[in-house]
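The listed protein sequences correspond, in order, to chains Y and L.
The numbering of the first sequence is the working numbering, which starts it at 1 and goes up by one.
The numbering of the second sequence is the working numbering, which starts it at 1001 and goes up by one.
Just so you know, the hints here were simulated from the structure itself, not pulled from any lab data.
One thing to keep in mind: the hints can contain errors.
Stated by the list, open to error - BS3-like mimics (lysine-lysine), calculated; alpha carbons at most 25 Å apart, straight line:
| hint | chain 1 | residue 1 | chain 2 | residue 2 |
| --- | --- | --- | --- | --- |
| 1 | Y | K42 | L | K1011 |
| 2 | Y | K99 | Y | K5 |
| 3 | L | K1016 | Y | K99 |
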Amino acid sequence: QQQVKQSPQSLIVQKGGISIINCAYENTAFDYFPWYQQFPGKGPALLIAIRPDVSEKKEGRFTISFNKSAKQFSLHIMDSQPGDSATYFCAASALGTYKYIFGTGTRLKVLA
Amino acid sequence: EAGVVQSPRYKIIEKKQPVAFWCNPISGHNTLYWYRQNLGQGPELLIRYENEEAVDDSQLPKDRFSAERLKGVDSTLKIQPAELGDSAVYLCASSFDGDSYNEQFFGPGTRLTVL
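Bound-form chain L, shown alone:
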């Protein structure tokens, strides 16, 4: 079974530039999560999707961050414009809704460096 796929793995941009991250969850997993992991910290949830609906985006900085999951499968997370403080690893995870505790499976992440 293929795991969660993310691309790119690394991205270096200048501040004020836009950037986008892509995630393909595990087949059959209807719930998708985007997390941000700062250096030396645990992951923090940015947004959660159930199918194509964003059901928890309370931690997403909506002035510069946006996300979409148009067909309920792949998802894209965008930052525009990026700031120095956005440097972090952006993790995508997915889970199957039928699991009562929704075990989350993580992708390898995209390491973003904003210069």
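So that you can see chain Y by itself, here it is in the shape it has in the complex:
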């Protein structure tokens, strides 16, 4: 019940295309869903996060879509660029627990 399932494991997208990464969870106590971006040799960096009181959050080319009834959320990267090539992790947390449960990651490659 503590798991966060992430798919796909890897993704190849043409420059300018849309990258979509999906995550699903079981624990209904989760109420904070961040996405982290990790480049090789670097630590994960917060990209965008959503709370379940909204169904969508957009920051620049990055959008999180959240479906509370399905317990699913996804990251959309519009106009994907080669510089977006990285590993993306979804995570989930419950208020006050301080504990992030991370997905297994998606390695994105954007072709020039």
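With the hints as your guide, set chain L onto chain Y.
For chain L alone, coordinates are given in the frame of chain Y:
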């Protein structure tokens, strides 16, 4: 603002040897986390500190792992003795307690290779 600092960045040791990792969190962040990230996996929490107190160490293999944060700032994670399966990236993160969702900021990690 300086980020989370970790050292060393890389460490290669023989099995059964001891190893230690150091972390300096972002100034003002009272909560500190140690994570282990295995190849191709997401980070997994090992231990969380609030100031100098370890408040969640349920995932820390206590037979060989230890950690300390004596003055509530820097922290050290130790493995003694190391095993082959300990090869991973050890990440330190910190957060500010006043943020209700405790956004975590990660350091670059220490990549440990046990031979």
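Quiz item: Between Y:K42 and L:K1011, does the CA-CA distance stay at or below 25 Å?
Solution: Roughly 16 Å between the alpha carbons, so the hint for Y:K42 and L:K1011 holds.
Practice problem: Sort out whether Y:K99 lies within 25 Å of L:K1016, counting only the CA atoms. | Solution: 31 Å, violated
Exercise. Take a quick look at whether Y:K99 and Y:K5 sit within 25 Å of each other, Cα to Cα.
Key: 16 Å, holds
The earlier numbered hint that this structure contradicts is number 3, and it is the only one.
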